[in-house]
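J.: Generate coordinates for the entire structure from the input sequences, incorporating the hints supplied.
For the sequence shown, this note's numbering assigns the number 655 to the initial residue and increments by one for each residue that follows.
Just to be clear, a hint being listed does not mean it is correct.
[Stated by the list, open to error] Simulated crosslink set (SDA-like; lysine to any residue; CA at most 25 Å straight-line):
no.	residue 1	residue 2
1	K807	P784
2	K683	I656
3	K684	S702
4	K684	T694
5	K803	D709
6	K803	T771
7	K807	D790
8	K683	D709
9	K803	E817
10	K807	L773
11	K803	E750
12	K803	G697
It should be emphasised that the hints constitute simulated quantities derived from the structure, not laboratory data.
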Amino acid sequence: WIAALLIIGSALVAGYQFWFRDSSFVDIKKLTVNGVVTNTDEGRQIESAVRLAMDQMTTLHVRQEILDEEMSRFPRVESATIETSFPDSATVTVIERGDGSIFGEGSRALLIATDGTVLGSPGDQVDYLPLIEAGDPRGEFIALQMQLKRSRKAELKLERLLERHRRDFLGPLADAISS
655 WIAALLIIGS
665 ALVAGYQFWF
675 RDSSFVDIKK
685 LTVNGVVTNT
695 DEGRQIESAV
705 RLAMDQMTTL
715 HVRQEILDEE
725 MSRFPRVESA
735 TIETSFPDSA
745 TVTVIERGDG
755 SIFGEGSRAL
765 LIATDGTVLG
775 SPGDQVDYLP
785 LIEAGDPRGE
795 FIALQMQLKR
805 SRKAELKLER
815 LLERHRRDFL
825 GPLADAISS
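T.: And the structure:
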């Protein structure tokens with residue numbers, strides 16, 4: 655009877671591994687996508703890419719690498735996580751990079767995220783973000799300050815910029831504010 659139990663156990667494991675976890679019974683029928691603003695073209699494209707990736711999964715066979723590959727096409731996306739609920743629901747939470755600044759002007763302008771990632775063309779966001787021009791220490795200082803996660807190298811650069819341009823940055827307050 656031990657042999658029979660082993661055979662039945664093996665059949666159950668094989669059935670799960672090769673059939674049930676990918677069966678239509680556990681297909682994702684109710685998908686919620688959080689963290690994506692869908693009133694922009696980019697937001698709609700991100701949501702569409704999430705749905706495309708999730709169509710290749712079930713609630714019992716989640717493949718994060720497929721979602722990561724789809725999201726890698728969008729510099730705006732910092733990360734995306736999947737949570738499933740048996741038998742047919744899933745929630746994908748997307749974390750987007752925030753707008754930080756504009757580098758350059760005109761048709762060559764680039765939107766830079768708060769972590770320094772180049773997001774692409776700034777579109778109509780030029781009016782409310784700081785403008786960074788090449789070689790402008792104040793713009794470079796602001797861009798570095800806006801980075802949510804700064805490396806030690808960025809921290810040192812901030813210190814050097816403040817040291818060199820303190821009077822330019824602070825004007826008459828430079829003497830009143832201690833370093």
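J.: Hints first: check each against the structure and report whether it holds.
T.: Evaluated hints:
1. K807 to P784: With Cα atoms ~22 Å apart, K807 and P784 stay inside 25 Å; holds.
2. K683 to I656: 40 Å, violated
3. K684 to S702: 15 Å, holds
4. K684 to T694: Holds - the C-alpha atoms of T694 and K684 are around 23 Å apart, at most 25 Å.
5. K803 to D709: Violated, at about 33 Å.
6. K803 to T771: 11 Å, holds
7. K807 to D790: 19 Å, holds
8. K683 to D709: 9 Å, holds
9. K803 to E817: The given pair, whose Cα atoms are some 21 Å apart, holds under the 25 Å limit.
10. K807 to L773: 22 Å, holds
11. K803 to E750: 14 Å, holds
12. K803 to G697: 24 Å, holds
The earlier numbered hints that this structure contradicts are 2 and 5.
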